[in-house]
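Protein chains: 2
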Amino acid sequence: MSKEKKIKIKRPKAEAPKGFRDYFGSDIRARNLLLQQIMEVYHLYGFEALETSAIETVEALGKFLPDIERPNEGVFAWQEDEGWLALRYDLTAPLARVYAENQNHLPSPYRRYSMGPVWRNEKPGPGRFRQFYQCDADTVGASNVLADAEMCTMLSDTLEATGISRGDYIIKVNNRKILNGVLEKIGIFDGTELEKFSNQRGIVLRAIDKLDRLGIGGVKELLGKGRKDSSGDYTDGANLSTDQVDLMLMFLEANSKTNMKTLSNLSELVAGSKIGEQGVRELEKISESTDKQGYGIDRIKIDPSVVRGLGYYTGPVLEAELTFETIDEKGKIRRFGSVAGGGRYDDLVKRFTGQEVPATGVSIGVDRLLAALRSKSKLAETTQGPVIITVMDRDRIDDYQLMAAELRNAGVRSEVYFGNPKNFGNQLKYADNRHSPLAIIEGGDEREKGVVLLKDLYLGSKLASQMLTNDEWKSQPAQISINRENLVTKVIELLSRYKQ
Amino acid sequence: MSKEKKIKIKRPKAEAPKGFRDYFGSDIRARNLLLQQIMEVYHLYGFEALETSAIETVEALGKFLPDIERPNEGVFAWQEDEGWLALRYDLTAPLARVYAENQNHLPSPYRRYSMGPVWRNEKPGPGRFRQFYQCDADTVGASNVLADAEMCTMLSDTLEATGISRGDYIIKVNNRKILNGVLEKIGIFDGTELEKFSNQRGIVLRAIDKLDRLGIGGVKELLGKGRKDSSGDYTDGANLSTDQVDLMLMFLEANSKTNMKTLSNLSELVAGSKIGEQGVRELEKISESTDKQGYGIDRIKIDPSVVRGLGYYTGPVLEAELTFETIDEKGKIRRFGSVAGGGRYDDLVKRFTGQEVPATGVSIGVDRLLAALRSKSKLAETTQGPVIITVMDRDRIDDYQLMAAELRNAGVRSEVYFGNPKNFGNQLKYADNRHSPLAIIEGGDEREKGVVLLKDLYLGSKLASQMLTNDEWKSQPAQISINRENLVTKVIELLSRYKQ
Chain A
0 MSKEKKIKIK RPKAEAPKGF RDYFGSDIRA RNLLLQQIME VYHLYGFEAL
50 ETSAIETVEA LGKFLPDIER PNEGVFAWQE DEGWLALRYD LTAPLARVYA
100 ENQNHLPSPY RRYSMGPVWR NEKPGPGRFR QFYQCDADTV GASNVLADAE
150 MCTMLSDTLE ATGISRGDYI IKVNNRKILN GVLEKIGIFD GTELEKFSNQ
200 RGIVLRAIDK LDRLGIGGVK ELLGKGRKDS SGDYTDGANL STDQVDLMLM
250 FLEANSKTNM KTLSNLSELV AGSKIGEQGV RELEKISEST DKQGYGIDRI
300 KIDPSVVRGL GYYTGPVLEA ELTFETIDEK GKIRRFGSVA GGGRYDDLVK
350 RFTGQEVPAT GVSIGVDRLL AALRSKSKLA ETTQGPVIIT VMDRDRIDDY
400 QLMAAELRNA GVRSEVYFGN PKNFGNQLKY ADNRHSPLAI IEGGDEREKG
450 VVLLKDLYLG SKLASQMLTN DEWKSQPAQI SINRENLVTK VIELLSRYKQ
Chain G
0 MSKEKKIKIK RPKAEAPKGF RDYFGSDIRA RNLLLQQIME VYHLYGFEAL
50 ETSAIETVEA LGKFLPDIER PNEGVFAWQE DEGWLALRYD LTAPLARVYA
100 ENQNHLPSPY RRYSMGPVWR NEKPGPGRFR QFYQCDADTV GASNVLADAE
150 MCTMLSDTLE ATGISRGDYI IKVNNRKILN GVLEKIGIFD GTELEKFSNQ
200 RGIVLRAIDK LDRLGIGGVK ELLGKGRKDS SGDYTDGANL STDQVDLMLM
250 FLEANSKTNM KTLSNLSELV AGSKIGEQGV RELEKISEST DKQGYGIDRI
300 KIDPSVVRGL GYYTGPVLEA ELTFETIDEK GKIRRFGSVA GGGRYDDLVK
350 RFTGQEVPAT GVSIGVDRLL AALRSKSKLA ETTQGPVIIT VMDRDRIDDY
400 QLMAAELRNA GVRSEVYFGN PKNFGNQLKY ADNRHSPLAI IEGGDEREKG
450 VVLLKDLYLG SKLASQMLTN DEWKSQPAQI SINRENLVTK VIELLSRYKQ
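Quick mapping for you: the protein sequence lines, in order, are chains A and G. Taking numbering that gives the first Met the number 0, the leading residue of the first sequence gets 0, the next gets one more, and so forth. Taking numbering that gives the first Met the number 0, the leading residue of the second sequence gets 0, the next gets one more, and so forth.
Just so you know, these hints were derived from the structure itself, not from any lab. If you're wondering where the values come from, they're calculated on a predicted model, not measured in any experiment. The C-beta atom is built at its ideal place from N, Cα and C for all residues, glycine as well. Heads up, some of the hints might be wrong.
[To be verified] Here are the simulated distance ranges between beta carbons:
{"#": "1", "chain 1": "A", "residue 1": "Ile-332", "chain 2": "G", "residue 2": "Gly-124", "range": "56 to 64 Å"}
{"#": "2", "chain 1": "G", "residue 1": "Gln-36", "chain 2": "A", "residue 2": "Ala-160", "range": "19 to 27 Å"}
{"#": "3", "chain 1": "G", "residue 1": "Gly-124", "chain 2": "A", "residue 2": "Asp-392", "range": "47 to 55 Å"}
{"#": "4", "chain 1": "G", "residue 1": "Pro-125", "chain 2": "A", "residue 2": "Glu-121", "range": "36 to 44 Å"}
{"#": "5", "chain 1": "G", "residue 1": "Tyr-497", "chain 2": "A", "residue 2": "Ile-215", "range": "53 to 61 Å"}
{"#": "6", "chain 1": "G", "residue 1": "Gln-78", "chain 2": "A", "residue 2": "Ile-215", "range": "46 to 54 Å"}
{"#": "7", "chain 1": "A", "residue 1": "Tyr-22", "chain 2": "G", "residue 2": "Gln-78", "range": "20 to 28 Å"}
{"#": "8", "chain 1": "G", "residue 1": "Ser-229", "chain 2": "A", "residue 2": "Asp-80", "range": "30 to 38 Å"}
{"#": "9", "chain 1": "G", "residue 1": "Arg-20", "chain 2": "A", "residue 2": "Asp-80", "range": "16 to 24 Å"}
[Said to hold, decoys possible] Taking lysine-lysine and the DSS-like style, the derived pairs with C-alpha atoms no more than 27 Å apart in a straight line are:
{"#": "10", "chain 1": "G", "residue 1": "Lys-17", "chain 2": "A", "residue 2": "Lys-9"}
{"#": "11", "chain 1": "G", "residue 1": "Lys-428", "chain 2": "A", "residue 2": "Lys-349"}
{"#": "12", "chain 1": "A", "residue 1": "Lys-184", "chain 2": "A", "residue 2": "Lys-291"}
{"#": "13", "chain 1": "G", "residue 1": "Lys-448", "chain 2": "A", "residue 2": "Lys-291"}
{"#": "14", "chain 1": "A", "residue 1": "Lys-273", "chain 2": "A", "residue 2": "Lys-195"}
{"#": "15", "chain 1": "G", "residue 1": "Lys-421", "chain 2": "A", "residue 2": "Lys-284"}
{"#": "16", "chain 1": "G", "residue 1": "Lys-219", "chain 2": "A", "residue 2": "Lys-349"}
{"#": "17", "chain 1": "G", "residue 1": "Lys-12", "chain 2": "A", "residue 2": "Lys-349"}
{"#": "18", "chain 1": "A", "residue 1": "Lys-349", "chain 2": "G", "residue 2": "Lys-171"}
{"#": "19", "chain 1": "G", "residue 1": "Lys-349", "chain 2": "A", "residue 2": "Lys-421"}
{"#": "20", "chain 1": "G", "residue 1": "Lys-284", "chain 2": "A", "residue 2": "Lys-12"}
{"#": "21", "chain 1": "A", "residue 1": "Lys-421", "chain 2": "G", "residue 2": "Lys-184"}
{"#": "22", "chain 1": "G", "residue 1": "Lys-375", "chain 2": "A", "residue 2": "Lys-291"}
{"#": "23", "chain 1": "G", "residue 1": "Lys-331", "chain 2": "G", "residue 2": "Lys-349"}
{"#": "24", "chain 1": "G", "residue 1": "Lys-284", "chain 2": "A", "residue 2": "Lys-17"}
{"#": "25", "chain 1": "G", "residue 1": "Lys-291", "chain 2": "G", "residue 2": "Lys-260"}
{"#": "26", "chain 1": "G", "residue 1": "Lys-291", "chain 2": "A", "residue 2": "Lys-489"}
{"#": "27", "chain 1": "A", "residue 1": "Lys-331", "chain 2": "A", "residue 2": "Lys-195"}
{"#": "28", "chain 1": "G", "residue 1": "Lys-349", "chain 2": "G", "residue 2": "Lys-428"}
{"#": "29", "chain 1": "G", "residue 1": "Lys-421", "chain 2": "A", "residue 2": "Lys-291"}
{"#": "30", "chain 1": "A", "residue 1": "Lys-227", "chain 2": "A", "residue 2": "Lys-284"}
{"#": "31", "chain 1": "G", "residue 1": "Lys-171", "chain 2": "G", "residue 2": "Lys-284"}
{"#": "32", "chain 1": "G", "residue 1": "Lys-171", "chain 2": "G", "residue 2": "Lys-122"}
{"#": "33", "chain 1": "G", "residue 1": "Lys-349", "chain 2": "A", "residue 2": "Lys-428"}
{"#": "34", "chain 1": "A", "residue 1": "Lys-122", "chain 2": "A", "residue 2": "Lys-184"}
{"#": "35", "chain 1": "G", "residue 1": "Lys-291", "chain 2": "A", "residue 2": "Lys-448"}
{"#": "36", "chain 1": "A", "residue 1": "Lys-9", "chain 2": "G", "residue 2": "Lys-349"}
{"#": "37", "chain 1": "A", "residue 1": "Lys-273", "chain 2": "A", "residue 2": "Lys-260"}
{"#": "38", "chain 1": "G", "residue 1": "Lys-9", "chain 2": "A", "residue 2": "Lys-195"}
{"#": "39", "chain 1": "G", "residue 1": "Lys-421", "chain 2": "A", "residue 2": "Lys-349"}
{"#": "40", "chain 1": "A", "residue 1": "Lys-421", "chain 2": "G", "residue 2": "Lys-9"}
From just these sequences and the hints, can you work out the full model?
Here you go:
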């Protein structure tokens, strides 16, 4: 027996796995509201909701095929009797699977929106999580670039619906085909030999993607021999010749004050490249359509520097950038940059069916957009806690419950204190922790007089934190005595001071 | 080359893994609305939202510790460099982890609600899925059974908020302590030696849990020697003596017309058992509290047959049952039965901290509640599709987009047909597939006259499915011609016929 007593019980660690986090209270309500606002615009544009399961077969997810013993690079995957399963890493791969599976009875084109968490098995870091929200809209089965134009106008409407003011964001559009046209002109793309020069093209795309961070000088170095960064690390360049680099830079700087002028610059640059010219025509069509609907260059702007990483895009690409600056807690100027992006991808369904199905879509980074809205104080403050009915007399808790029920019937969020009521200070600490605007107190004295005390906790919060005695606390000016029968009206009146 | 051509490309199968499903359109909107309604009641009662990550360490989830090579019995689990991870199988285990992790700065008691998918690695079957929604509310840190009473009243309010009428549901309450009291009286529980007789107790609990399905006769057999079911399979019984069985049956049949009478029946049965008497006192307190708040026996009823499986409950347990019957598609009478349940569990946090933390909670089965609401036609019909603006003239698609923009600005869900416009019949098929109430048509003739045609698709759906020619179709009575400038007003007017 004594031996057994010495065995130390090994308790599990109470923590989430690395790279995962919990969300509490008002953060969740704020995000739900944001998702609701986004969904309503998507819905208004005729998109239908789709919710796929979190788990897919590794085979259907693609990209991460089980050619190694454990195909969990980048995804969370595991083996079941039936084969390898994995958590989805985005909402587009499951869409391709659903479309291929239900092609015969889904409408064509299929406009759908999805929102939910996705998982990435990547090394977590500060601000980098392994589970995060995406919020996508896609049109599958429409080859017309007006479907891309619609993504731009819808994204513009969506951002404004969430509280981002016009002028505080810009939607930039480009076309991969124009970029390919330029690459063709400098001799590293010919439309068919995709493998040839693919390494060099990769370096060029990555360089362009860094324009924001490195400026035109840094990109120039990366297009040429290479670049040493401030830490002394050296990145190999694409080894383009001076002429080649110059053409690439002209492309990146083709931006102009009007979309029409930008288009004519681009048109000149790619003249003679079939794919490039086609790309320009498509952008023209997008620009004309959005213009006609009243979305000017203050909202939708053609910008050749947008490439959207190395993804699967095959045509128009777009990116929504927040343009305002905020000062963070440390007094540093902060820009939020890109909060949404997307484009045309025509090969995803083909994996399943062999048929090429044109598709275009947009994805909103919900967490970043939330942070931006928070910094602009455009989020409804939903941190207000419930009214707390304190327990002065343990035997009368049923009466306190009745008060709560009356208040709730009038729509007032409220609850009775359910901890040990012995220490009144704990009740106040609890109310403070809950951000309660108001505490209700009814002890023996009040009961006899037929009154209750209402304590404005926001007004009195400083005093409350000093842990006064009951009597001291009751005498504070933030506290009023009212007749019991007026409870509901008086509480509503008092709460209206803090109406949200 | 010819050799390569022969290689058959192996395409991935376009299907979700077994036991998983996709949700489309109106089903998702209906569920979102339901979750919203539930959340609002939880919030009104002072509960705070909590959203944990889908993934936990296997260690923190507990119950499924990696004592075998692959601890994936019942859960989806896999090994990473940092250890075994798993998808949550309910929302209570993560709550225990979060509470243990954040105990110092969370309010005490901590009232929280959570909703989201959970995953079970079980054999899928008809209607049994491996991912489903739960929607929980729990109060952690309150030992007072008034917290349990609150679960009952809140659940009642919640069901009514979702559209279940009073009288169509009943919330049944029992107390594990009373059951333990009865077990003590028949000599198979003594409050301390939990291991002793545990097998026999397990059989007794499982037998009681089957009361609904087997009736009192079947339960009696299972309490005694055992039972042969209709297929001939034999289930071993608890081997209780006749006296023991009689006492158990008296317990199960202690139900009466008033909660007071039921309580006095129970009181007699457990007289002399400390734990049993405590259980009755707790139920009395719950009954008094809910009664005082006006929740009579038509809503909250003491029912000794409720045991809530073999879970971790230690005190009051509750279950919400839908009492109405519906006729399903096959003409069979269907009862939905239990849609929510819960109770008090006092040991979950202890695993992490060694401290016993009292807790009580309730969980709503969202999918089943949705099905019940659907059968009562209490769900807002959200299947109406968008207004479809057909493309009669490919070159004027920008004008059609303008119509859509005008309509959307007035809040009318609408879109331009983005498929290949060549075959007008396809456009109608598309509108039909989308459940569109209305199609808008503007060809060259209309354009000249400054009019557009509005086609009521609900009225004309039968005709449309006959694949008429354009001209025939246009002449149908469900179609009207209006001036272009009246588009928005006329569309809103026409849609008001189908207002939802």
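Hints, verified against the model:
The hinted window of 56 to 64 Å between Ile-332/A and Gly-124/G holds, with their beta carbons roughly 58 Å apart. Taking 19 to 27 Å as the suggested C-beta distance range, the pair Gln-36/G and Ala-160/A conforms, at roughly 23 Å. For Gly-124/G and Asp-392/A, the hinted distance range of 47 to 55 Å is satisfied, since their beta carbons lie about 54 Å from each other. Range check, Pro-125/G to Glu-121/A: Cβ separation about 38 Å, and the 36 to 44 Å hint holds.
Remark: the range hint 53 to 61 Å for Tyr-497/G to Ile-215/A is upheld by a beta-carbon distance near 56 Å. Evaluation of the 46 to 54 Å hint for Gln-78/G and Ile-215/A yields a pass: the beta carbon distance comes to about 47 Å. As the Cβ distance of Tyr-22/A to Gln-78/G is approximately 27 Å, the hint placing it in 20 to 28 Å holds. At about 32 Å, the beta-carbon gap between Ser-229/G and Asp-80/A stays in the expected band of 30 to 38 Å.
Separated by about 20 Å at the C-beta atoms, Arg-20/G and Asp-80/A satisfy the suggested range of 16 to 24 Å. Distance hint between Lys-17/G and Lys-9/A is unfulfilled; the C-alpha atoms sit about 37 Å from each other, more than 27 Å. As the CA atoms of Lys-428/G and Lys-349/A are separated by approximately 24 Å, the hinted pair is consistent with the 27 Å bound. Note on Lys-184/A and Lys-291/A: the hinted pairing is violated, with a Cα-Cα distance of about 33 Å set against a maximum of 27 Å.
About 22 Å separates the Cα atoms of Lys-448/G and Lys-291/A, which keeps this hinted pair within 27 Å; it holds. Of the pairs offered as hints, the one joining Lys-273/A and Lys-195/A holds, with about 19 Å between alpha carbons and a cut-off of 27 Å not exceeded. Between Lys-421/G and Lys-284/A the CA atoms are separated by roughly 20 Å; this keeps the pair inside 27 Å, and the hint holds. For a cut-off of 27 Å, the pair hint linking Lys-219/G to Lys-349/A is broken: about 61 Å separates their Cα positions.
For a cut-off of 27 Å, the pair hint linking Lys-12/G to Lys-349/A stands: about 12 Å separates their Cα positions. With a C-alpha separation of about 54 Å, the suggested pair Lys-349/A and Lys-171/G falls outside the 27 Å cut-off, and the hint is violated. Using a Cα cut-off of 27 Å, the hinted pair Lys-349/G and Lys-421/A holds, with the two alpha carbons roughly 24 Å apart. Restraint check: the Cα-Cα separation between Lys-284/G and Lys-12/A comes to about 37 Å, which exceeds 27 Å; the hinted pair is violated.
The hinted pair formed by Lys-421/A and Lys-184/G fails the criterion: a straight-line CA distance of about 36 Å is larger than 27 Å. Annotation: proposed proximity of Lys-375/G to Lys-291/A is violated, straight-line Cα distance about 47 Å (limit 27 Å). As the CA atoms of Lys-331/G and Lys-349/G are separated by approximately 47 Å, the hinted pair breaks the 27 Å bound. Between Lys-284/G and Lys-17/A the alpha-carbon distance is near 44 Å, which puts this suggested pair outside the 27 Å criterion.
Under the criterion of a C-alpha separation no larger than 27 Å, the hint pairing Lys-291/G with Lys-260/G is consistent with the structure, at around 17 Å. Simply put, Lys-291/G and Lys-489/A have alpha-carbon atoms about 23 Å apart, close enough for the 27 Å limit, and the pair holds. For the suggested pair Lys-331/A and Lys-195/A, the alpha carbons sit about 45 Å apart, so the restraint of at most 27 Å is broken. Distance hint between Lys-349/G and Lys-428/G is unfulfilled; the C-alpha atoms sit about 60 Å from each other, more than 27 Å.
A hinted pair counts as satisfied when its Cα atoms are at most 27 Å apart, and Lys-421/G with Lys-291/A qualifies at roughly 24 Å. A C-alpha spacing of about 41 Å is found between Lys-227/A and Lys-284/A, which places the hinted pair above 27 Å, so the restraint is violated. Between Lys-171/G and Lys-284/G the CA atoms are separated by roughly 15 Å; this keeps the pair inside 27 Å, and the hint holds. Of the pairs offered as hints, the one joining Lys-171/G and Lys-122/G is violated, with about 30 Å between alpha carbons and a cut-off of 27 Å exceeded.
With a C-alpha separation of about 24 Å, the suggested pair Lys-349/G and Lys-428/A falls inside the 27 Å cut-off, and the hint holds. Distance restraint check for Lys-122/A and Lys-184/A: the Cα-Cα separation of roughly 39 Å exceeds the 27 Å cut-off, and the hinted pair is therefore not satisfied. Straight-line distance between C-alpha atoms of Lys-291/G and Lys-448/A comes to about 22 Å, which keeps the hinted pair within the 27 Å bound. Pair hint Lys-9/A plus Lys-349/G holds up; C-alpha atoms about 12 Å apart against a cutoff of 27 Å.
Only pairs whose Cα atoms come within 27 Å are accepted, and Lys-273/A paired with Lys-260/A is accepted, the gap being roughly 20 Å. A distance of roughly 25 Å separates the Cα atoms of Lys-9/G and Lys-195/A; the hinted pair therefore holds under the 27 Å criterion. The suggested pairing of Lys-421/G with Lys-349/A holds, with an alpha-carbon distance near 24 Å, which does not exceed 27 Å. Distance hint between Lys-421/A and Lys-9/G is unfulfilled; the C-alpha atoms sit about 71 Å from each other, more than 27 Å.
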